[in-house]
Amino acid sequence: MKNIFLSASIPLPERHPKYYDTADIIAIRDAVIALASLVLSKHRIIWGGHPSITPLIYYVIERTIQNEFLEKDFEELDSEEEKKAVEKKLKSTISKHVILYQSLFFKDKFPADNDKFENIVYTDSSGDIQNSIHLMRERMLSDYKYDAAVFIGGMDGIEVEYKMFIEKHPHALILPIASTGAATKIVYDSIFPEHKKNERFLKDYGYMSLFQKFLMDNMTDM
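Residues in the sequence shown are numbered from 12 upward in steps of one, following my numbering.
Keep in mind the hints are simulated off the structure, nothing from the lab.
For clarity, every value in this text was computed on a predicted model and none was experimentally measured.
Note that the Cβ used here is the ideal one computed from N, Cα and C, for glycine as well.
Treat the hints with care, since some could be wrong.
[To be verified] DEER-style ranges, computed between Cβ atoms:
#1 Val-132 / Val-171: 17 to 27 Å
#2 Lys-95 / Arg-211: 18 to 28 Å
#3 Glu-73 / Pro-204: 21 to 31 Å
#4 Lys-107 / Asp-167: 25 to 35 Å
#5 His-182 / Ser-90: 43 to 53 Å
#6 Lys-29 / Lys-100: 20 to 30 Å
#7 Glu-178 / Tyr-216: 27 to 37 Å
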């Protein structure tokens, strides 16, 4: 099982317009859902909890497990037994295939979806937002060896995490999905190496096939 770092968010309108004005919110959601749908059965996604992203990943996990149970014959089980079986499998999947990082600076603002995850790493609060987030990122990007990173939409944090990631994991596969706009498009245009650029990162909205070709197929070669 390989570790994939996800840096993603849906830009907020009150933040810098260079992020919000170019963001494709539908594309951001579609890309996150496609990534999770492909990756979570085989590998692990690690991300810094963001209220716009965490619910999407949980949705994919829940849908995948429920679909698996619907495909099987459970007529001999009553609804309560089936529910318990689904919940058990769901918790097992979550614990093995996702790790969520959160700074305790935001402890009063954690989204309700956090309660659905067992694998949460809480990092210390330094008392101010910038230092607290930096501490979380340092821990998140240092605790594991990453084989790949995917960047989707986002705001200034995307730019920061991109630079930190390539410094700490210079040999990892990097996928900035520029079609989602916002900070990821800025990263793609301004600092992503020219020889690694691909027109599909800019124009391909078929994210399942995009991630299959550029992520999943390449992971087997690592």
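These are the hints, each one checked on the structure:
1. Between Val-132 and Val-171 the beta carbon distance is about 19 Å. The supplied range of 17 to 27 Å therefore holds.
2. Between Lys-95 and Arg-211 the CB atoms are about 43 Å apart, so this pair departs from the stated range of 18 to 28 Å.
3. For Glu-73 and Pro-204, the hinted distance range of 21 to 31 Å is not satisfied, since their beta carbons lie about 37 Å from each other.
4. Here the CB-CB span from Lys-107 to Asp-167 is close to 32 Å, well matched to the stated 25 to 35 Å.
5. Distance hint for His-182 and Ser-90: a CB-CB separation of about 49 Å, consistent with the stated range 43 to 53 Å.
6. Lys-29 and Lys-100 have their C-beta atoms about 43 Å apart, which leaves the hinted 20 to 30 Å range violated.
7. For Glu-178 and Tyr-216, the Cβ-Cβ distance of about 31 Å falls inside the hinted range of 27 to 37 Å, so the restraint holds.
Comparing the model with each numbered hint stated earlier shows that hints 2, 3 and 6 do not hold.
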